[in-house]
Every structure is written in C-alpha cells, then in structure tokens.
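K.L.:
Residue numbers (full-length UniProt numbering), protein chains in the order written: chain A, 1 to 125; chain B, 1 to 125.
No lab work stands behind these hints: they were computed from the structure. There is no bait here: all hints are sound.
Since the list gives no way to pick one copy over another, a pair counts as held whenever it fits inside one copy or between any two copies.
Derived SDA-like pairs: lysine to any residue, alpha-carbon spacing no greater than 20 Å straight-line: (1) Lys95 <-> His111; (2) Lys29 <-> Asp63; (3) Lys102 <-> Gln15; (4) Lys102 <-> Glu41; (5) Lys95 <-> Arg76.
In this text, all values refer to a predicted model and were calculated from it rather than measured experimentally.
There are 2 protein chains.
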Amino acid sequence: MAKDRGDHNEQACKQVDGEMTRVFELFGKRWTGLIVAVLTEQGAYFADLRRAIPGISERMLSDRLTELATAGLVVREVDAGPPLRVAYRLTDAGKAMEPALKELSRWAENHLPSGGKGCPEQFRG
Amino acid sequence: MAKDRGDHNEQACKQVDGEMTRVFELFGKRWTGLIVAVLTEQGAYFADLRRAIPGISERMLSDRLTELATAGLVVREVDAGPPLRVAYRLTDAGKAMEPALKELSRWAENHLPSGGKGCPEQFRG
Numbered sequence: 001m002a003k004d005r006g007d008h009n010e011q012a013c014k015q016v017d018g019e020m021t022r023v024f025e026l027f028g029k030r031w032t033g034l035i036v037a038v039l040t041e042q043g044a045y046f047a048d049l050r051r052a053i054p055g056i057s058e059r060m061l062s063d064r065l066t067e068l069a070t071a072g073l074v075v076r077e078v079d080a081g082p083p084l085r086v087a088y089r090l091t092d093a094g095k096a097m098e099p100a101l102k103e104l105s106r107w108a109e110n111h112l113p114s115g116g117k118g119c120p121e122q123f124r125g
Numbered sequence: 001m002a003k004d005r006g007d008h009n010e011q012a013c014k015q016v017d018g019e020m021t022r023v024f025e026l027f028g029k030r031w032t033g034l035i036v037a038v039l040t041e042q043g044a045y046f047a048d049l050r051r052a053i054p055g056i057s058e059r060m061l062s063d064r065l066t067e068l069a070t071a072g073l074v075v076r077e078v079d080a081g082p083p084l085r086v087a088y089r090l091t092d093a094g095k096a097m098e099p100a101l102k103e104l105s106r107w108a109e110n111h112l113p114s115g116g117k118g119c120p121e122q123f124r125g
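Just chain A, with the same shape it has in the complex:
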C-alpha cells in the first residue's frame, strides 16, 4: 500500500493501489471469500460446499467457483464414481491466501462483534 502522504490534496494518482483493486474485484462479491475459507480447510464436493455456506444457492456457488477457477485459485476434479461427483480444491495460489484469511479472522474476532449467526461455539474446530 502507498505510504501516508499526510496531505489531503496531493493529486498524483491518489488511487487505491492495483493489488487491493485486484483482491476486491474477486473478493468484493458475496460468497467468494467464504468459499475459499471453506476450501482452505480441505477439498470439498459441491454438496459439501453448499452445506458449509448457509444461504448460498446452487447457481451462486457454481458461478463463484467458475470465477475462482478462472482466477487460478481453485481446481475442479471429477470423481468418476459412481456416484459421479465433482470435487474442488485450492491451487497453490489459493492455499497461499491462508495467512491473509487468518489475519482477517483474528481481526474479526477482536473487532467485529458476533451477531450470533456463526456456528455455535461447542461445534467449532
């Protein structure tokens, strides 16, 4: 990130930097971050992912997985079965997000009060 310039008026390209823009083009969409967070723990079948993310629709999950695959964060693997199932896992680029997700999680623990919507404490890993 750019250094503090201590001046509200300096005009030389005071735009948000390219890395942040790229991060939030991807993660500034509903569900994307949660999908990566679930896959950080382990690979998952499509149905597992739906179950792990309350409220996500099949269509949304499918669209987000496609975007994540296009960005090179997720790979799709077909399990010949039977039953034929599609599994998803993170690529090395996806796995490399773990430290950032941990920082975000730590931050939320300290600074975003729980609205009681998460997983009940006794079930947490």
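Please arrange chain B on chain A, whose structure you already have, making use of the hints.
P.N.:
Here is chain B on its own, set in the frame of chain A:
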C-alpha cells in the same frame, strides 16, 4: 479457522466459521474493501474517496460508508468550512485491519496477475 479434519464426510457443523462469515458479510460487497484500503492511508473527504476509487458512484460510496460506520470501522466528521465538507477516517477497529490488508496485498502481488487496470507503476506510493 477450524483445523483440517481430513474427512469429507464429517458432519458436525462443517460450516464456515463465524469470523469469516462476519468478515465477508461486510467485505463481500463491491467497494467496501477499497474504501477501507484508501482510508488506511489517511482520512479523506467524500470527493477524495470518489476520486481514489475509479468507477464508484456517489450513491454506492455513500451506502458503503454508512455500512462501515454502522460496523464501527469508520467515523464521519463534518468540517464546518466554508466550504462545508464531510471527512471520513478509520476508527481503531478500522485501523486494526491494516495487517490483514497488507497480507492480502502481498498475496495479490504474488498470485493475482495484474490486468493492467491499476495505477501506473511510476505513480505508485
């Protein structure tokens, strides 16, 4: 985050954890992350923020700032002027996001190729 359970089928509340859910309820919306990233550098007037984030509309910026204020990350301060202007800055909770944003930025630098949409290199801070 929960530990790897090494088992696709374990069912005991395999839901994404509460912290991640809270983070992405807020940041899984277009623009929110970029607004915080800009304010991490310094406080800014509304017009500065619009200029810093190419493509954001007045309405979107206003809505997102309201959400960030409600979440306790941003405060709004009226500069009596003239001209009367409204400035925004991060609270301590907002400032505490900096390590997470830095991790995300580092990650993007290494793993999200630039599409050439960011600030031209010669202007970066």
